[in-house]
Structure formats: C-alpha cells, structure tokens
Amino acid sequence: MSESSTMQEGESHDLSDDADYAASQQQGSTSISQNGSGGRTVMNEADRAQVVYQKDNVTIHPTQYASERISGRLRLIKQGSSLFMTWIPYKATPSGNDLTRQNSNVRSAERDRNLYTIRPVPFTDVRSIRRHTPTLGWQYIIVVLSSGLAFPPLYFYNGGVREFLATLKEHAFLVRSADDANAFLVNDFQDPLQKSLSSLELPRAVSVANSPSTLVPASPSPFAESSGRTDRDSCDGSPSASLYSERSRQKVHDPAHDLSIQVLEKFSLLTKYARETTSQLLREIHGDNYGAFERKNEFQSLPSSVHDGRSNDIVKVPDEAPVASDPLETSALVKQKIPCKKQNHGEEAATKVGTFELVNCKEFDKLALVWGKPRQPPLGPEEWTTFLDSEGRVMDSKALKKRIFYGGIEHELRNEIWKFLLGYHKYDSTYAEREYLASIKKSEYETIKHQWQSISPAQAKRFTKFRERKGLIEKDVVRTDRSISFYDGDDNTNVALLHDILLTYSFYNFDLGYCQGMSDLLSPILYVMKDESESFWCFVALMERLGPNFNRDQNGMHSQLFALSKLVELLDSPLHNYFKQKDCLNYFFCFRWVLIQFKREFEYEKIMLLWEVLWTHYLSEHLHLYVCVAILKRYRKKIMGDQMDFDTVLKFINELSGHIDLDATLKDAEALCMCAGENGEACIPPGTPPSLPIEDTGSLYPQQDDD
Amino acid sequence: MATIGNNNLNAKLVLLGDMGAGKSSLVLRFVKGQFLEFQESTIGAAFFSQTLAVNDATVKFEIWDTAGQERYHSLAPMYYRGAAAAIIVYDITSMESFTRAKKWVQELQKQGNPNMVMALAGNKADLEDKRKVTAEEARTYAEENGLFFMETSAKTAINVNDIFYEIAKRLPRAQPAQNPAGMVLVDRPAERSRSAACCS
Ligand SMILES: Nc1nc2c(ncn2[C@@H]2O[C@H](COP(=O)(O)OP(=O)(O)OP(=O)(O)O)[C@@H](O)[C@H]2O)c(=O)[nH]1
Ligand SMILES: [Mg+2]
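Chains as they are written, first to last, in our numbering: chain A, 1 to 707; chain B, 1 to 200.
Each hint should be verified, as a subset may be incorrect.
Unchecked claim - Cut-off 30 Å, straight-line C-alpha distance, at most; resulting in silico cross-link-like pairs (DSSO-like, lysine-lysine):
id, chain 1, residue 1, chain 2, residue 2
1, A, Lys637, B, Lys60
2, B, Lys132, A, Lys475
3, A, Lys470, B, Lys60
4, B, Lys102, A, Lys475
5, B, Lys130, B, Lys102
6, A, Lys426, A, Lys169
7, B, Lys132, A, Lys470
8, B, Lys103, B, Lys132
9, A, Lys461, A, Lys426
10, A, Lys442, A, Lys426
11, B, Lys130, A, Lys475
12, A, Lys465, A, Lys441
13, A, Lys449, A, Lys465
14, A, Lys637, A, Lys530
15, A, Lys461, A, Lys475
16, A, Lys651, B, Lys102
17, A, Lys426, A, Lys441
18, A, Lys638, B, Lys60
19, B, Lys155, A, Lys638
20, B, Lys32, B, Lys155
21, A, Lys475, A, Lys398
22, B, Lys32, A, Lys606
23, A, Lys475, B, Lys155
24, A, Lys465, A, Lys475
25, A, Lys465, B, Lys103
26, A, Lys651, B, Lys132
27, B, Lys130, A, Lys651
28, A, Lys442, A, Lys475
29, A, Lys465, B, Lys132
30, A, Lys651, A, Lys449
31, B, Lys110, A, Lys651
32, B, Lys60, B, Lys130
33, B, Lys169, B, Lys60
34, B, Lys169, A, Lys461
To be clear, the hints were calculated from the coordinates, so they are not data collected in a lab.
Next up, chain B with everything else stripped away, as it sits in the complex (with noise of 0.2 Å):
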C-alpha cells in the first residue's frame, strides 16, 4: 500500500486480468518502455518497480504481475491484498476477457482493500478491426463501478504511462493510521526486529 516518506509515496499495484490480455506487455512497456510480439505467458508472478513523478512528489510502483488463466486463481490474493491500486486489464477483441475483468473487479471489491484505487485497462486498442468489446459499454461499467476507464495499446504505448500517471494522482496521500492495506509494508521492520530478537 502506499507509504509515505516526505514526498515520496511507495505503492503497491497489481495487475489483474484474462490470459493473453496483455497484463505483462502493460507493465513491460511501462517499466521498459518495450513491447515484445510474443511475450511469454507469465508462470507465478512477476515483480517490477518503477518511479514516477507527479506534481511535486514521486509515487514508486511496486508491481505485480500475475498468471492470467483461472486455474491459478487461487494464489491470485496472495498478490493483491494489501495493494493501494489495480490495473484490471481485458483486451478489447475478446468478449470472454472483458467477462473475466468484471469478475476480477467483483472479487476486488468485496475482498480487497476498500480504498484501492482500480483501473480497467481496454487493451490492445491498435486492433481496432477486431474490436468486440465497445469503449462505450466498459465506461459505462466503469462508471457504475467507481473505476477509472481508459483504453491502452501495449503495442502503440499509446495511454499506457497515462493509466500510470492517473492512478499516481488518485492515490490517497495521507494515510489513515489504521489502514489495513497499509500494514504489509509498514509492519514489517517492527516484525523483523522482533523475530530476529528471539531467534538469535
């Protein structure tokens, strides 16, 4: 979740969505500013940082990357609890996908931090000729869910640091003191103080 230090805000973000939507392809280019025809399909999970400056503070992106297919769903909690956004990522040629992101966004809601900030990425807009989700019906999702909508190309860049730069900018700045999401990070000096005091 996202810790502060004077104008530095550290978060957690995940990405979650269907197989093949193009969940690491986002981050890839985000991160790396790269884009690979054939990304592998991600086994496990996936890590990646990046910084971005918004207004006057920088906000770090700790980044998970999950396994998009549903057999591995259930180590998908393991990567969002406790994370301050998600990226709930569907490809616009692929109604199934776009099906899947809205179970994804049901699940975040009832069991994911209540603050988080959560995006649907409409991805892979280049392929416009093959589109099958219409932008029209996932902003009107969107809307109903209290998410933010845009829709992004890994492969153009085109609104790819953009959804980025959105989620930096919503992101609460001052923490509750007794937010939950918020313990993962901050609890865990404290935690490894102690256990290294009775171990050793």
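Just chain A, same shape as in the assembly (with noise of 0.2 Å):
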C-alpha cells in the first residue's frame, strides 16, 4: 500500500532522471499553460487531491505482442468525498521528446498509448473490479464501468492487486460479489436507491454524463489541476480518445470534443492509407489486364503487417492477396456498387458530419467493394481428399482454413471437418488415431454422464443445484429450434439429447453449469455431428472459447462489446459518434449477436455457414465483431436516419433477424477487418473471447475465493 502524498511539484522525482518521464514533463507543460492558470495555488487549499495510491509498471496489453504493451502508472487519487482511478502509460521511446512525428511505428505506439490512457474516472462510475491472480502469470484486474464497458485488463507485473484492492476499499465501498469472490463490486451501497443508481444501468450513462457536478467538483478546482497534473505525465499533451477526460471542464475542454478530435486523426491516418492504395487499385484496374499481379505485391504490404508475428494458430495470409483474383470481376464489382456510394455519401451528409468525413467514408466505401473477395461454393469431397495425405492428416492446415473461410464446406463433410475447426481433432492426426480419440472419448463421455445418472430421486431431493440446472435445461430444450425437423415432434429424441449433453456439460464444467443461450450452440453442433458423444466434446472445444460469454460477472461479454466499441469508433468514427449521443455506447444491442455467435440472426444452414468461416480464425479469432460491424454499417442510414435511441436501435436490430445478407455482410466484414489491420487488432483486449483464456490455471470459471 501506497503512502499518501499530496500531488506536488516534487511528487514525482524519483523519476525525473528518466528520459522519458523528463519528455512527458515538458509536453505536459503545454498542456498546463493551456489550461491558463488552472491553479497550481487552488492545490493547496482544503479539498485538494491527493495521491492515495500509486502502483509503477501497470501494464496494458493491446495485443499479443510483447512489445506492443503498454506500460504506464496507476494511481488512486482522493478529493473530498471522490476518489479517482487514472491509469497514465509512460512514453515509450527515450527520444520521445522530439514531437515531429519519427516513423509510424512510433506514431502508433503513440494513438494507443493515448487510445488506452485512463484519465481520472471517478469511482461513482465504476460497477464493479474483477481480479486474476493466478499462482502462474501476472496478476491483473479489469474494471467494469457502470456504463457496461470494461477497460482492457491491466497487468500488475510486480504484483499487488491485494494491495490495490486494499487501498481501494479504505476509500471506496467495496463488496465481494456474492456470485463471485473475486469480483468486487464498487458502490454497492446499502441504500438501496442508490445501489440502483449505480448498478449496471444503461440510462444511468445519461444522468452521468448530464450532471458532471454530481460527480467532479465543478471548474476551477482542484479537479482540474489534477488532471493537468496527470496529463502532464502522460506521453502526449493532446486531447485524448478517452471518454472520461475532464468533465467538469466546460464547453471548450468538452469531451466530446476532444474525442471527435481523436477520432478524426486516427481515421485520417487509415484512409490516408485507403486513399493511397485504392486510388492505385482504380488505376489499376481501369488499366490495363496485369493489374491484378501488380496488385500482390502491392498488398502485400497490409496482410503482412496484419500478420507479422502472430502466434501459430492464426494463418499467415498467403502470398496471394484476398482480393478477387480475378481483374474484370473485380471492376465489375467497383461499377456495380458506385451508386450505392453515392447513396452513402447522401446519408453521410444527412448525419451532419463534416465534409472531412465524409471524404474519408467514401474513400472507405470504396476501399470495402475493392477488397470484399466473393464468396466460393463450399468446399466438397473431392477438393477435400486432395488437403489430406494417404494416412488421412491434414497437410495444409492454413490452406485448408482459407478455403472453408472463402466458401465454407458441403453439409456431409460439416461433421468430419468441424472437429478439427473447433479444436476437437488435431490437423495432423491420423485416421487411426481419431478412430481411437473417438472410442475413448466415448466412453470418457459416458463416465461423466453416468455421474448425474446415478443420482437417485432422493438424493436429487436434497441436490438443489443439480435439480434448477435439470430444470434450466428442460425449459430450454424443449424450445430449441422445433421448428427444424431434426427436433420437431412430441418426444424427439434429439431433444433429448440436447438435454442429456447439457446436463452433462454442465457437470463436467460445473463451475460454469448451465447458462441460456448454450442450448442455441449445441444445436447445430449435434445436427452435424448426430453422434451424442462426439457432439458433447465439440460442445466442450467451443466451450473453451465461448465459455467466458456466459460467466456470472459477464466479463467475456464486456470485453467483447467494449472491443465493438471500438472498432466501429476505428471504422465508423460518424456512426460511433451517433451512438455516443444516443448513449448507446455500451453495444447492449448487439449481446444477442455476440452471445450465441448469430445464432438467432440467420436461418440454420447459414448459421452453419457462418460458424465455419468465424471457426477457421483465419484473418481474425475476433472476425465476429468485425461481422458486427459489418451488418451495423450495412443499417447505419436507416439508424442514424431515423434517429432511433437505444430502443428503437434495439427493436430494429432484433427484428433484422432473418433478414440480413450473410455472404455480403461476410465480404463487409473481411474488408473491414483488412482495413482495420493492426489497430483494429489493438481494439480487442487480449484474452477477448473467442480467444483462448489468457492464463491456463486451474479453475477457469472461479467460483469460490481460496483465502
């Protein structure tokens, strides 16, 4: 535990030998002098801020890069009745001083260290603080706004969560949550009135952000000083991404403001890029035949800085860029969606956005229809014996996932292919040794199953748990996809296998147990694969990335919806704007699509489709938030035309359901995905769902506390 200092001057000078803390200091003078005289003398009088806890290398990790983490300094900070949580990333390189801009690895390296810099958030807005601490790895928190958005796990590297829970609970009310003992729920206050304020409430953003003074000591103050202060450490004097800057500061240090400033120089720098490489596309194209091998090597240099240093399980893009291979195809493409251009500078124009955007939209627009590669007939027997060799391994495992990403897979072969898509299978595994794999997993299955069939009536008398899950798991079966013939009819068998395989999920994973929504994943699961024990264990491979969606604290959905966030906030900086008026920012609308990957949203042979190409991970585990976006953006005229708030937005999207074009929303999606590139990677905290758990230590859904 920190000691309590006040923030002075001198505050900092254990660190004034660093070349980069010296750097932030002098950048951070400008932004002191542009504050005017916001009050190094108001310090010092009674409510001035105090630093009650300060934590060095708090780390950040946008990315699974090593070298693209972020390491910065966390800090609690008391005024009054307020405390305050900032997070300041240090700069990065010791020739940081020199602000004309170096090489754009180090411009990046800037945005995000200013995308992901937590300016002092009150505590009033934070719901509640989850805690890792495996016995393995580093400790981290995440801390989960009231708004519903998480930021991205911070990593203690020297330890010490304990002693930042610690510090945080002699000022904050701070609750174990009773569902979760390392989750802590902030605020939780006995009134109960304001207990409901503060839960996890989606109107509550409107009434934070209407009534700044509720929560910030209304400017000048103190307050003010102290994010001078703060932002005087931080690498960049400028206005930040982050939404928690400055409330109380008035019209010209609006937020808002600030943000669409961001916003705008993050899109500039992408469609800079997008400008540059689509208008040599045209050219291309409108040229001459050769274009199209030109046009390799002129991408390569997106798929590779994609790509470069990606851990093994994510394909390398190959030397052929995904662009139609095809030349005239292509231009074909490009005419055929110019007036649907026009149309969408119309609706640009129509959100009263900038000219500037405007240009940048249209420039996207046409980048997406470029690079959109269309859709292959899936992928049939023939094509398939030719991936396998004599024995029956699969020999081009990338290739394989590139193909099924393009077109998917005939239905006949979903059940051979799918184990190895979902993890079930290994690419180089023999036909003998899945045979094998096959009977003992079978009786393995068995075993476990067996646990819950030996439970007699009377001892289900006195096993509560175990009758809610069996009745949890009745109620949803019974109304799981009836209409598909597989599972109509009184008395269906394979409904009763849905239930039999849930209810033993949900004892072999009983931490987790049984949660809606998982009946929706096993169904087409066991529609493929017919067979109860093989269903069951591709169940359990899908699990162990999709398990985190239905934890109790909901934390794998936070992430995934803050991820969304952000990358429309990258890729469609005017809608994004729209849905922070709206107060829509939390992406709550979209839980039904991220929860049950689509299952809802398109009929079951496309459902099928569409998880086989988000299973392959090829361009990206996350492709499903990119598809999010995608089908947002394909609708983004009619929402922002028709003004519609957070319920309407709701409305709307769960009645898209059934109505939505997979092949084009799927071309959308990868096209945005290339476009993204790396910083749509950056948007995604790792360990996001689908990604695989960060750390792999013992219980992944903890439920009891072990000190």
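Can you join these two chains into the complex? Each is in its own frame, and there are hints to help.
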C-alpha cells in the first residue's frame, strides 16, 4: 500500500532522471498552459487532490505481441469524498521528446497510448473490479464501468493486486460479489436507491453525462489541476480519446469535442493509407489486366503487417492477397457498387457530419468494395481429399482454413471437418488416431454422464443445484429449434440428446453450469455430428472459447462489447459519434449477436456456414466483431436517419433477424478486418473471447475464494 | 415512464420473472395476438410497442421483455429503470417461479420507481391440472404488497389484454414535474441538442 502524498511538483522526483519522464514533463507543460492559470495555487486549498495509491509498471496488452505492451502508472486520487482512478502510460521511446513524426511505428504506439490512457475516472462510474491472481503468470484486474464498458485488463507486473484492492477498500465502498469471490462490486451502497443507480444500467450513463457536477467539482477546482497534473505525466499533451477526460471543464474542453478530434486523426491516418491504396487499385483496374498481378505485390504490405508475428493458430496470409483474382470481376464489382456509394455519400451528409469524414467514408467504401472477395462454392468431398495425406492428416491446415473461410463446407463434410475447426481433432492426426480418440472419448463421456444419471430421486431431493440445473435445461431444450425437422415433434429423441449433453456438460464444467444460450450453441453441433459423444466433445471445444460469454460477471461479454465499440469508433466514426450521442456505447443491442454467435439472426443453413467461417480464425480470431460492424454499417443509414434511440435500435436489431444477407456481410466483414489491420486488433483486449484464456491456471470459472 | 401529449400517454413497461414463466408469450399475445408452443428463450432483451385505448385517451406501451435466467439478473436494472409499470410473471405450475416473482417484487420495491404500477401475473392458467401455486396464495401476497393480481394464459389469451388494460387505467395521468422516472424519455431531446451542439 502506498503512502498518501499530495500531488505536488516534486512528488515524482524519483523519476525525474528518467528520460521518458522528462519528456513527458516537457510536453505536459504545454497542456498546463492550455489550461490557463488553472490553479497550482488552488491545489493547496483544503480540498486538494491526494494520491492515495500509486503503482508503477502496470501494463496493458493491446495485442498478443510483447512488443506492443504499454506500461504505465496506476493511481488512486482522492479529492474530498470522491475517489478517482487514472492510468497514464509512460512515454515509450527515449527520443520521445522529439515531437516531429518519426516513423509510423512510433506514431501508432503513441496513438495506442493515447487510446488507452485512463483519465481520471470517478469511482461513482465504476461498477465492479474483477481480479485475476493466477499462481503462475501476471496478476491483473479488469475494471468494469457502470455504463457496461470495461477497460482492458491492467496487468500488475510487480504484483500487488491485493494491496490495490486493500487501498481501494479504505476509500470506496467495496464488496465482494456473492456470486464470484474474485469480483468486487464498487459503490454497492446499502442504500438501495443508490445501489440501483450505480448498477449496470444503461440510462445511468445519461444522468452521469448530464450532471457532471455531482461527480466532479465544478471547474475551476483542484480537480482541474489534478487532471492537468496527470496530463503532464501522459505521453502526449494532446486531447485524449478517453471518454472520461475532465468532464468538469467547460464547453471548449468538452471531452466529446476532444474525442472527435482524436477519432478524426485516427481516421485520417487510416484513410490516408486507404486513399493511396485505393487510387492505386482503381488505376490498375481501369488500366490493364496485369493490374491483378501488380496488386498482389501492392497488397503484401497490408496483410503481412496485419499478421506478422501472430501466434501459430492464426494463419499467415499467403502470398496472394485476398482480393478478387479476376480483375474483370473486381472492376465489375466496383462499377456495380458505385450508385450505392453515392447513396452513402448522401447519407453522410444527412447526418451532418463534417465534410472531412464524408470524404473519408467515400474512400473507405470504395476500398471495401475492392477488397471483399467474392464468396466461393463450399468445399466438396473431392477437393477435401486433396487436403489429406494417405493416412488422413491435413497437410496444409492454413490453406484449408483459407478455403473454408471463403466458401464454407458442403454439409456432408461438416461432420468430419468441424472437429478440426473446433480443435477437437488435431490437424496432424491420422484416421487411425482419430478413430481411437473417438472410442476413448466415448467412454470418457459415458463416465461423466453417469455422474448425474446415478443420482437417485432421493439424492436429487437433497441436491438443489442439480435439480435447478436440470430444470433450466429441460425448459430450454424443448424450445430450441423445434421448427427444424431434426428437433420437431413430440418425444423427439434429439431433444432428449440435447438435454443429456447439456446436463453432462454442466457436470463436466460444474463451475460454469448451464446458461441460457448454450442450447442454441449445441443445437447445430448435434445436428451436424448426430453422435452424442462426438457432439459433446465438440461442444466442449467450442465452450473452451465461448465459455466466458456465460460468466457470472459478464466479463467475456463486456470485453467483446468494449472491443466492438472501439472497432466502430475506428471504422465508422460518424456512427460511433451517433451512438455516443444516443448513449448507446455499451452496445447491449448486440448482446444476442455476440453471446450466441448470431445463432438467432440467420436461418439454420446459414448459421452453419457462418460458424465454420468464424471458426477458421482466418484473418482474425475476432471476425465476429467485424461481422457486427459490417451489419451495423449496412444499416447505419436507417439507424442514424431515423434518429433511433437505444430502445429503437434494440428493437430494430432484434427484428433484423432473418433479414441479413450473410454473403454480403461476410465480404464486408473481411474488408473491414483488412482495413482495420493492426489498429483493429489493438482495439481488442487480450483474452477477449473467442481467444483462448490468457493463462491456463486451474479453475477457469472461479467460483470460490481460496483465501 | 409515462409521458403525456394531450390525451396520449407513453408508458414504459417491463416484464420480469423466472425463465420460462411466459413473459415473451404474454407480450407476443398482447402485441401480435399469437402464441407459440415453443417460444424461444429470450437472449438479452426484446422491445415491443403496442397502443391501447383507455376511455378518452390512448396509452402507448413501450414494452421491455427480459431474459429470465438468474445469470442475467445484473442486466435487469437497465431495463426496469424508469419504467412506469412492471408485470411480474410466474408460472402457476412452478412454486420456484412464484418464489422468484416475490424476489422481483422486493427488488422493484427497493429500487424501482416508487410510483410504478406493478402487476403480478400467474401465467399458464390453462394448466389447471398441474397447478402448484393457488390463486389464493398469490392474491394474498399481491394485496399485502400493493400489486394487482391476475391469472393469465398466453396460450388461451385469458386475461392477457385485460392485464395491460388494467395497468393502463392505473397509470397516473398527471406527472409530477420532478418525477425521476420520467426523466429518461423527457430528458433525451434536451441532451441530444446539447451534445449535438458541442460535437459538431
Ligand atoms: N400452457 C401454456 N404454456 C405457456 C403459456 N405461456 C407460455 N407458455 C410456454 O412456456 C414456455 C416458455 O414461455 P416464454 O414466453 O418463452 O417464457 P419466458 O418467460 O419469456 O422465458 P425466458 O425468455 O427464458 O425468460 C414456452 O414453451 C411457451 O409456449 C401459457 O399461458 N400456457
Ligand atoms: Mg422470453
């Protein structure tokens, strides 16, 4: 636990010999002068801000690459009765005091740091903190805001999560969640009204934004100074993308204003690249037929930058870029879409966004058209055999994934190939090994199943949790996909299988249990596999990735919805600004999409196609988030044109079910993913489902506390 | 919450209750006049609207249908906050669902809008032979807690429109200016113009 100290000039002198720090001091001073005389003197008044906790080397992992980790300083600042949290990244390069653009790496690192900087967040805005303290690996915390958004995990490289929470406990009301010993609810006031206000409610965000005065003292105030002060520590004095920056300031300092600048800047970098590439492309398309070959090389820079250094499970983009290989086809596409583009143009204007963005979006759409590769016919049996060696090993899994990504699989092959995609079978296993595995796994399944089958009525009477679970599952299986002939009719045996598999799973993963939505995930798997044990193990493999969607603390969902909001911000800033204005930034209207991978949004056949495409993890493990962006972009005109508020957006999105064009959406999603590149991946906190959990330590769904 | 324009009222209504109690079925019956034997579970939440004429006025219900499973409980405040009315649904064939309904009532009493009109619906009234919760028990509970009570059946449509109609009648006509529950809808236009002004 750190000592209390006032925020004074000399407070950080221990760091003043640090080049980064010196640089940040220098830059910081510009931001102070912007604040005017904001009050170094005010600071000494009674209500001054105090740093009650400070921890260095607290780090976020924007991507899986160690080189892109951003370290910074976490602080708790107390002012009056209010407590604030900040996390300010260190300046990265010793040469950082040189403000001239050095190279794009440094610039993008700068942007990242800016993007992730946590400007003072009042704890009244924090809903909960979840700690992860594995015995191996780094401890981290996830801070979930009452808006439903969460910050990326903050890793404590030197340990100290416990001290952090202890300090926090001294200054804020903190209770351990009854459901989850590692989750701490903040401001869980005994006063029920207060409690309801601080709980996870969307409209709360409205009132927070509306009444800054209740949260932070009105400016000018010591708080203004304290944020000015923290600004100085930040890597850059420029306006931050953080939603939480300095609400107390007057209009000129309105965070929304700052945010839009930030977004514009980001977008301009993106589109500058896009514009160059696009014009190059268009020249080629309309020029000669050799353009296609040129283009291959042209594009290499992008895909490889997207994928360099990725872990093995992600496919490196092969030499030929995922662009329509037939230039005629591509140019046809472009022509065909041009009227459409004009429409988009008009739509931008209608939303009164600046002309700057108008231009960007136009460029962007052009880009998307060129990149979205036409879908291919599904992989058939003959072609499938060409992927296998004589003993049944998949020789080139990357090529296979790529093939499936662009075309899906013919239905009768799904049964075989899904097992690879889901990770139940290894690509380099032989026919014989797989057959053997199936038999082993079958008896293993029977053993687990027997655990609940052997519960007698008398025992069940004394086993509430079992009865409850069984009850939930019984209620759900009878209303899962009953319109599909496979599951229709009275006493359908497949419905009984769904029940048995789900109940067995809830014993296999007792900590997670059964949760609504799981039957939706299992249904197509059983439909494809037909076999009970194989379905079970495929479902287990899927849940390895999607299990966190169902966590009690909604952690997996939060991180995905957070990433989604960041991606929309990156890829469609007008839409982002619109959602922001409408207090829709928690993206709960996409909850169903994400929770069950669009299961309710498409007809059965299409869902199987979409899932196998997502499961390839080709281009991104998080293609589903780009699919969300793609769908939102398709309907952005309607959403913004009709001035939909949260309720209406939710209703609209629920009613889109069955009306979304999957092929077109997938093409868009691919293009968006390519276009976002590294910046897109940086929006997605590590460990965000369906990524495998960051550390594998014992219990994945911790329910009990061990200390 | 209920907002008034002449004789037209907009009222936010939320359905709460155990999973499978029949919340979605009640809404579907009320809004579309349909019943599905295998109504899918609700993931997240769904939103519907339906207008009723009551005497000389119309009430437009903005209906939030929530997911019943305990696991998703933490999302519920997002939906009941600012609601003018709530229907707490249980299944008459399940004592647990009645227990859960009582918990919802408690939560709303503590944290909901104090002027909220609350109705208790004992659904699946068509399943008389499987009944576990007597109408007597539920009525007593409702009276003690200031709710009004009806047994409904989304399947046969019994009492479905009636329960919404009763709610409509009970909605307070004149809104006190400081009514906190009215803020969400009333506030939005103002907040919109304000943020529009500073963003552009
Ligand atoms: N017999 C009968 N069955 C009903 C009635 N209402 C609903 N059901 C059935 O009960 C099941 C659950 O109904 P839902 O409306 O989905 O229940 P819910 O409360 O919305 O459930 P969740 O969305 O999971 O919270 C469905 O199979 C319905 O067909 C009713 O009045 N009578
Ligand atoms: Mg429902």
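Consistency of the hints with the structure:
1. A:Lys637 x B:Lys60: 26 Å, holds
2. B:Lys132 x A:Lys475: 17 Å, holds
3. A:Lys470 x B:Lys60: Answer violated: Lys470 of chain A to Lys60 of chain B is near 39 Å, above 30 Å.
4. B:Lys102 x A:Lys475: Roughly 21 Å separates the two Cα atoms, so the pair holds.
5. B:Lys130 x B:Lys102: This hinted pair holds, its Cα atoms lying about 21 Å apart.
6. A:Lys426 x A:Lys169: Violated, at about 47 Å.
7. B:Lys132 x A:Lys470: 19 Å, holds
8. B:Lys103 x B:Lys132: At roughly 18 Å apart (the allowed maximum being 30 Å), Lys132 of chain B and Lys103 of chain B satisfy the hint.
9. A:Lys461 x A:Lys426: 42 Å, violated
10. A:Lys442 x A:Lys426: 17 Å, holds
11. B:Lys130 x A:Lys475: Distance ~16 Å between Lys130 of chain B and Lys475 of chain A Cα, so the pair holds.
12. A:Lys465 x A:Lys441: 27 Å, holds
13. A:Lys449 x A:Lys465: 16 Å, holds
14. A:Lys637 x A:Lys530: 43 Å, violated
15. A:Lys461 x A:Lys475: With Cα atoms ~19 Å apart, Lys461 of chain A and Lys475 of chain A stay inside 30 Å; holds.
16. A:Lys651 x B:Lys102: 29 Å, holds
17. A:Lys426 x A:Lys441: Given that 30 Å is the threshold and the Cα spacing comes to 14 Å, the pair holds.
18. A:Lys638 x B:Lys60: Holds, because 23 Å separates the two Cα atoms, which is no more than 30 Å.
19. B:Lys155 x A:Lys638: Not OK: Lys155 of chain B and Lys638 of chain A at ~35 Å, beyond 30 Å, violated.
20. B:Lys32 x B:Lys155: 13 Å, holds
21. A:Lys475 x A:Lys398: 41 Å, violated
22. B:Lys32 x A:Lys606: 27 Å, holds
23. A:Lys475 x B:Lys155: 17 Å, holds
24. A:Lys465 x A:Lys475: Holds. Lys465 of chain A to Lys475 of chain A sits at ~15 Å (cutoff 30 Å).
25. A:Lys465 x B:Lys103: Judged against 30 Å, a Cα distance of about 19 Å means the pair holds.
26. A:Lys651 x B:Lys132: Given pair Lys651 of chain A, Lys132 of chain B is violated - Cα atoms ~35 Å apart, limit 30 Å.
27. B:Lys130 x A:Lys651: 35 Å, violated
28. A:Lys442 x A:Lys475: Holds, because 27 Å separates the two Cα atoms, which is no more than 30 Å.
29. A:Lys465 x B:Lys132: 21 Å, holds
30. A:Lys651 x A:Lys449: 40 Å, violated
31. B:Lys110 x A:Lys651: Holds - the C-alpha atoms of Lys651 of chain A and Lys110 of chain B are around 28 Å apart, at most 30 Å.
32. B:Lys60 x B:Lys130: Given that 30 Å is the threshold and the Cα spacing comes to 35 Å, the pair is violated.
33. B:Lys169 x B:Lys60: Holds: Lys169 of chain B and Lys60 of chain B sit about 12 Å apart, inside 30 Å.
34. B:Lys169 x A:Lys461: Violated: Lys169 of chain B and Lys461 of chain A sit about 45 Å apart, past 30 Å.
Comparing the model with each numbered hint stated earlier shows that hints 3, 6, 9, 14, 19, 21, 26, 27, 30, 32, 34 do not hold.
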